[in-house]
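Those protein sequence lines, which keep their order, are chains A and B. Residue numbers for the first sequence follow the numbering used here, so the first one is 1 and each next one is one higher. Residue numbers for the second sequence follow the numbering used here, so the first one is 1001 and each next one is one higher.
Hints in this document: simulated from the structure, not taken from any laboratory. Just so you know, even glycine gets a beta-carbon here, dropped at the ideal spot from N, CA and C. Misleading hints may appear alongside valid ones.
[To be verified] The calculated lysine-lysine pairs, modelled on DSS-like cross-linking and capped at a C-alpha distance of 27 Å, are:
(1) LYS199(A) <-> LYS151(A)
(2) LYS199(A) <-> LYS1023(B)
(3) LYS197(A) <-> LYS151(A)
(4) LYS1210(B) <-> LYS1023(B)
(5) LYS197(A) <-> LYS1023(B)
(6) LYS1023(B) <-> LYS1054(B)
(7) LYS125(A) <-> LYS1023(B)
[As the list claims (entries may be wrong)] Sample of chain B residues facing chain A (criterion: CB under 7 Å; computed from the structure):
(8) GLU1061
(9) THR1122
(10) ALA1130
(11) LEU1131
(12) ASN1161
Residues per chain are reported as follows:
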Amino acid sequence: MSVLEATHQIEETTIRPGRSLGQDAVRRLARDPMAVGCFAIIVLYAVIAVLAGFWWPDFQTSINYELRNQPPSWAHWFGTDVFGRDVFAKTMLGAKVSMTVGFMANAIAVPLGLMLGVLAGYYGKRIDDLVVWFYNTLASIPGIILLIAIKFAFQNVVLFRDTAFAIDLTGIHGLYVALGIMSWIGTCRLVRAETLKIKNLDYVTAARAAGAGHLRIMFRHIVPNLMHLAIINFTIGFVGAISAEVILSFLGLGVDVGTPSWGTMINAARMDLVVGRWWEVIAACGAMFLIVLALNIFGDRLRDALDPQLRI
Amino acid sequence: MQKQENNPVSTNGETILDVRDLKTYFPVRRGVMQRVTGWVKAVDGVSFGVRRGKTLGLVGESGCGKTTVGRTLLRLIPASGGRVLFDGLDVFELGRRDIRILRRRMQIIFQDPVGSLNPRMTVGNIVGEALTVHGIARGKERQRRVGVLLERCGLSPGYINRYPHEFSGGQRQRIGIARALALNPDLVVCDEPVSALDVSIQSQILNLLKDLQSEFGLSYLFIAHNLAVVEHFSDDLAVMYLGRIVEMAASEVVYRNPKHPYTQALLSAVPETDPAKRKSRVVLSGEVPSPMDPPPGCPFHPRCPLAIDRCRVEIPALIPHLGCEPGHRVACHRADEIRPSTMTEIMKNTKE
């Protein structure tokens, strides 16, 4: 005991702030130039997505047949399209669509997957059977076909009709929802498995022994310990949603044909390549390539930084 | 706390925890339909008592069910049978509200100092959670109480906003102890609290537990696989093998006069510092049988050099034998003939 007291007296009694695992992860990401670079690209795209609409408000009507199909020049960095519109402006506006779809689809999918995964893993038995059966059924249908089917089903469907919050699911809103209900499965699977693991750990047992209720255990002990999965899935899901939007728009099932998006750009330009007009396809693909690359690398680095296995 | 007066099985004031014929079976499910095809009898009819303010050591090798005993009597695992009386309360009969009262009086300390602390919570929240859950203290008052607890467990109150990963193994175990004491319990189940620690840290933690016991009048159920650790710590000792207690007595009696062959084998494995006292080690052959398919008769007979035909059919009861001091009980058919040195002599003979 004398040893205890001795060590005890050396320690000062001022309360010093601790460093949480989250803060730790942020600090480590900030030291990683690759992660910082990718994060900067993602932020840049997000800023463009927000500002593009204000910068080029009348893009759709800026038709000028005298300028059509011009190759890149100082006046038009990425050249002009078949209507004589600036392809640079079109690409930036496409970023707006892609970033919004990526964000909205995951804002639906990740919380949904997280919630169902935790419930299934924690309560087990019937609830688990139901959730697992549900996502297995959903996962057994080829993704793109289901997506197309959902999009068709949403034709002329308006949620909250006749209210101020009416949401027309025919257009891009339908795309958010369709992608959202398609892509929660991955998150749900991971979260469920992790919940099964965490709920048997000693700190959960300790909480039970202390008399904590189910909600407290789920929200204070389980969810914080799998939030990193949600964050990682958000970045990875972002990539999936962006490519899905491009593919669907290319097929004519995504955004309205008139709306500038990378998918419609690639679709419109599919005849152009034959006659040597490469700039619109390259602009759309390049813009997409950069953001997908940045998201993938950032997601990877995020996983390394957040994974509690690597740091306890 | 009101006592259940009409309880048919009364406990005297001496015993705080009375466990009778406790059984915990886990179902084994197989196949597509998840049908129950068998039972793992992790704990199969265990009875013991913990005296108030004293320590009962529960020893046995890995997988013998000692951890399950601790968790079952805290109602963290459902029991399959038996009865646990805690200060006159029938633990398995408690409803949702009463169980919260039980939670305040019975606590647990875990083996793994890493897995037992939530890595996303501050020390203040980990230790103070129980205070919040039971509505005992919040805000500044809670912080003050947590500070006192930390200080009492040998940690600076200044650590309140730190996270578990910022501490060493011994410090984390102290946090776990502070958490268990937050509700001022009467009984603490110590589930191998020092097994994961360095030997030098082990004695510090054991001393801390001893000090806390005398200060707060705590009773301990001390689970361990290391007899050397238990020797100086426990007042009473129960040796478990394959879900059953094979020998039980005051700690000092077990060390001086072990009757069960298994206890003798365990004791011979304790390192002896005095070369003059060293005896030849008893090495048991074979593995612990699966608790899913325990051998008939005495569970120890496949590994016991003294086994006779009777051992293979009849399960021995935990009863006093010839030459036993009061309170000393052994579950062995041949306990009457066994002397403390029987097993080591057998080992010597087989070697020659």
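Comparing the hints with the structure gives:
The hinted pair formed by LYS199(A) and LYS151(A) fails the criterion: a straight-line CA distance of about 38 Å is larger than 27 Å. Between the alpha carbons of LYS199(A) and LYS1023(B) the distance comes to roughly 24 Å, so the proposed pair stays at or under 27 Å and holds. For the proposed pair LYS197(A) and LYS151(A), the alpha carbon gap of about 37 Å is over 27 Å, so the pair is violated. Restraint check for LYS1210(B) and LYS1023(B): the C-alpha separation of about 30 Å exceeds 27 Å, so the hint is violated.
At roughly 26 Å between alpha-carbon atoms, LYS197(A) and LYS1023(B) fall within 27 Å of each other, so this suggested pair holds. Proximity of LYS1023(B) to LYS1054(B) is assessed by CA-CA distance (about 24 Å); at most 27 Å being required, the pair is judged to hold. Distance check on the hinted pair: LYS125(A) and LYS1023(B) sit about 24 Å apart at the alpha-carbon level, within 27 Å; holds. The beta carbon of GLU1061(B) is not positioned within 7 Å of any beta carbon in chain A (closest approach about 21 Å), and the interface hint is therefore violated.
Interface restraint check: THR1122(B) against chain A, minimum CB-CB distance 6 Å, threshold 7 Å, status holds. For ALA1130(B), the suggested interface contact is upheld, since its CB lies about 4 Å from the closest CB of chain A, less than 7 Å. With a cut of 7 Å, the hint placing LEU1131(B) at the interface with chain A is violated, because the nearest CB-to-CB distance is about 9 Å. Because the closest C-beta pair between ASN1161(B) and chain A is about 5 Å apart, less than 7 Å, the hint holds.
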